[in-house]
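*Asks:* Use the sequences and the hints to build the structure in full.
These protein sequences, in sequence, are chains A and B. All residue numbers for the first sequence refer to my numbering, where the first residue is 1 and numbers rise by one. All residue numbers for the second sequence refer to my numbering, where the first residue is 1 and numbers rise by one.
Because the hints were derived from the structure by calculation, they are not lab data. Any given hint could be a false lead.
Which copy? The list can't say, so a pair holds if one copy fits it or any two copies do.
Below, a list of computed lysine-lysine pairs in the PhoX-like style, where the Cα atoms sit at most 25 Å apart [claimed, not checked]:
#1 Lys265 - Lys104
#2 Lys50 - Lys26
#3 Lys217 - Lys154
#4 Lys103 - Lys217
#5 Lys131 - Lys265
#6 Lys26 - Lys191
#7 Lys265 - Lys103
#8 Lys154 - Lys265
#9 Lys154 - Lys55
#10 Lys108 - Lys217
#11 Lys50 - Lys108
#12 Lys131 - Lys154
#13 Lys103 - Lys80
#14 Lys265 - Lys80
#15 Lys131 - Lys47
#16 Lys26 - Lys47
#17 Lys265 - Lys55
#18 Lys26 - Lys103
#19 Lys131 - Lys103
One letter stands for each residue in the lines below.
Number of protein chains: 2
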Amino acid sequence: MNELVFVGLGLHDEKGISLKGLEETKTANEVFIELYTSLMLDFSVEKLEKLVEKKIRVVSRRELEEENGEAVLESAEKGKTVLLVPGDPLVATTHVALRLEAKKRGIKTRIVHGASIMSAAVGLSGLHNYKFGKSVTLPFQENFSETPYTVIAKNKEIGLHTLCLLDIDADKKRYMSIQEALTMLLKIEEKRRMGIISGETLAVGIARAGSLNPTVKADFVNKLLGYDFGEPPYSLIFPGELHFIEAEALIAFADAPPIVRRLVK
Amino acid sequence: MNELVFVGLGLHDEKGISLKGLEETKTANEVFIELYTSLMLDFSVEKLEKLVEKKIRVVSRRELEEENGEAVLESAEKGKTVLLVPGDPLVATTHVALRLEAKKRGIKTRIVHGASIMSAAVGLSGLHNYKFGKSVTLPFQENFSETPYTVIAKNKEIGLHTLCLLDIDADKKRYMSIQEALTMLLKIEEKRRMGIISGETLAVGIARAGSLNPTVKADFVNKLLGYDFGEPPYSLIFPGELHFIEAEALIAFADAPPIVRRLVK
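*Replies:* Have a look at this one:
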């Protein structure tokens with residue numbers, strides 16, 4: 001059967017894949033993987049190849065985006081093809097175009113979901129899921145944009161938390177650090193002066209979600225600027241209004257200073 | 001070691017668990033499961049017991065919430081204990097209190113993430129993740145609230161999509177249908193008259209996310225009121241402003257009428 005199955009790899013290592021994802025991959029004619037939309041720190045294609053008992057071909061951003069995934073689509077026109085994707089597939093909007101192209105060519109598509117940083121960061125922080133507003137990605141300096149600042153500002157205005165994903169460049173093994181992200185936002189604050197972020201703003205930094213030892217640290221920005229989060233990848237949450245249970249959770253699980261209790265509304 | 005590991009079951013059936021979730025469960029002293037925060041349609045404890053080669057004890061909402069999870073905590077004080085949770089653990093805020101109580105008693109806690117409806121619904125719809133605002137749960141009539149209407153209204157005002165989770169009562173095997181949800185919102189519209197929802201409003205209904213045959217249907221509300229989504233569980237998305245790729249994705253993957261192209265901003 002000609003079909004393209006997007007299988008989520010979940011987080012951090014090769015064991016983030018679900019049992020059904022593993023089965024789908026084992027029964028595929030051909031298996032591709034992309035590793036540029038997220039960093040999975042403790043992942044190797046070789047380890048996964050052993051688990052799925054199959055050769056896996058790595059496809060680059062160029063192949064998937066500039067060449068519209070031609071190799072993947074040609075394979076799917078011949079038989080069942082799996083594309084392995086970090087996290088939960090199609091949350092990275094970049095693959096929607098590939099799925100559309102598959103549809104145009106009469107290839108059936110399916111999704112096997114995986115754990116995503118979108119829900120993992122919520123669970124790790126102890127903050128309430130329904131209090132998160134729009135999320136945003138902080139781009140590297142060369143793609144500088146004030147949008148993240150605006151998103152945080154609009155969420156705060158209505159009391160909501162903001163999850164910020166930090167940019168990565170997998171080819172160059174470059175991962176934006178929490179310090180870089182905070183510094184960039186402080187610079188925008190200097191210009192925009194909306195009082196969104198200062199040294200005294202509470203934020204939560206998360207490193208290595210999905211690993212055995214994620215770092216989750218809540219503190220004021222001037223403290224986080226000097227905090228060692230260890231290895232990547234990183235994300236960052238700017239809390240809006242805090243419920244008292246959220247404050248307790250930040251103290252218990254994100255080592256927040258007890259003074260955050262004073263921020264409870 | 002006395003620790004409590006929250007393991008995500010992912011979606012729909014027993015094969016939504018990740019390989020690391022399976023390993024953690026196999027090496028636990030005692031294994032508990034809660035099945036009241038989400039419906040996993042094709043799941044049975046017996047099937048999962050075979051996979052993990054262990055007895056699994058089902059804990060009720062009463063045990064976890066009114067009795068503060070005493071049985072789970074007592075087990076975790078003696079040795080490694082796993083609590084299996086549908087979706088991605090601690091996204092359902094109800095378990096944050098249990099994790100806090102564990103911490104108080106000196107029990108280490110960890111999270112093994114699983115696929116969540118929060119990211120799965122985004123991927124299935126083809127809509128862009130970073131355009132979703134705050135999400136909301138639509139409660140049954142007996143817990144009636146206008147909050148969901150207000151959330152959708154505020155998101156729309158700033159062009160954002162809203163993911164609505166529909167209430168379930170696992171004990172009574174009662175699952176709010178998409179029709180019930182739409183009818184409730186139309187009634188609130190009659191009273192509030194903010195022009196948020198009418199028969200001509202575009203919405204996306206999703207049933208059985210994570211299964212082999214999820215139903216994903218985008219159409220105007222008056223059409224969705226008569227649409228058969230098949231078995232539960234259900235969720236519902238109210239799109240805000242549409243990017244043209246999002247409109248194409250809704251047409252291709254959610255069988256939206258081509259006229260949605262006219263809604264592109």
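*Asks:* Does each hint hold? Answer for all of them.
*Replies:* Hint by hint, here is what the structure shows:
1. In the homo-oligomer, the alpha carbons of Lys265 and Lys104 lie at most 25 Å apart only across protomers (24 Å), although the nearest pairing inside one protomer, at 51 Å, exceeds that limit.
2. Taking the shortest alpha-carbon separations for Lys50 and Lys26, both the intra-copy value of 11 Å and the inter-copy value of 21 Å come in at or below 25 Å.
3. In this assembly of identical chains, Lys217 and Lys154 lie within 25 Å of each other by CA distance solely inside one copy; the values are 24 Å within and 31 Å between copies.
4. Within a single copy, Lys103 and Lys217 get their C-alpha atoms only as close as 43 Å, which misses the 25 Å cut-off; across copies the closest is 16 Å, which meets it.
5. Proximity of Lys131 and Lys265 under a CA criterion of 25 Å is satisfied intra-copy only: 13 Å inside one chain copy versus 27 Å between copies.
6. When the C-alpha separation of Lys26 and Lys191 is checked against a cutoff of 25 Å, the pair qualifies neither within a copy, at 53 Å, nor between copies, at 54 Å.
7. Proximity of Lys265 to Lys103 under the C-alpha cut-off of 25 Å is restricted to the inter-copy arrangement: shortest distance 24 Å between copies versus 49 Å within a copy.
8. For the identical chains of this complex, Lys154 and Lys265 are neighbours both inside a copy (18 Å) and across copies (21 Å), given an alpha-carbon limit of 25 Å.
9. With identical chains, the CA atoms of Lys154 and Lys55 are never at most 25 Å apart, being 47 Å at best within one copy and 48 Å at best between copies.
10. For the identical chains of this complex, Lys108 and Lys217 are inter-copy neighbours only, at 17 Å across copies versus 43 Å inside a copy, given an alpha-carbon limit of 25 Å.
11. Taking identical chains as interchangeable, the C-alpha atoms of Lys50 and Lys108 are never at most 25 Å apart, the minima being 27 Å within one chain and 32 Å between chains.
12. Taking the shortest alpha-carbon separations for Lys131 and Lys154, both the intra-copy value of 13 Å and the inter-copy value of 13 Å come in at or below 25 Å.
13. Taking the shortest Cα distances, Lys103 and Lys80 sit within 25 Å of each other inside one copy (14 Å), while across copies they are farther apart (47 Å).
14. Taking CA atoms no more than 25 Å apart as the test, Lys265 paired with Lys80 passes in neither setting, with 53 Å inside one copy and 36 Å between copies.
15. For a Cα distance limit of 25 Å, the shortest separation of Lys131 from Lys47 qualifies neither inside one copy, at 38 Å, nor across copies, at 35 Å.
16. With identical chains, the CA atoms of Lys26 and Lys47 are at most 25 Å apart both within one copy (14 Å) and between copies (21 Å).
17. For the homomeric pair Lys265 and Lys55, neither the shortest alpha-carbon distance inside one copy (54 Å) nor that between copies (44 Å) is at most 25 Å.
18. Proximity of Lys26 and Lys103 under a CA criterion of 25 Å is satisfied intra-copy only: 23 Å inside one chain copy versus 40 Å between copies.
19. In the homo-oligomer, the alpha carbons of Lys131 and Lys103 lie at most 25 Å apart only across protomers (23 Å), although the nearest pairing inside one protomer, at 36 Å, exceeds that limit.
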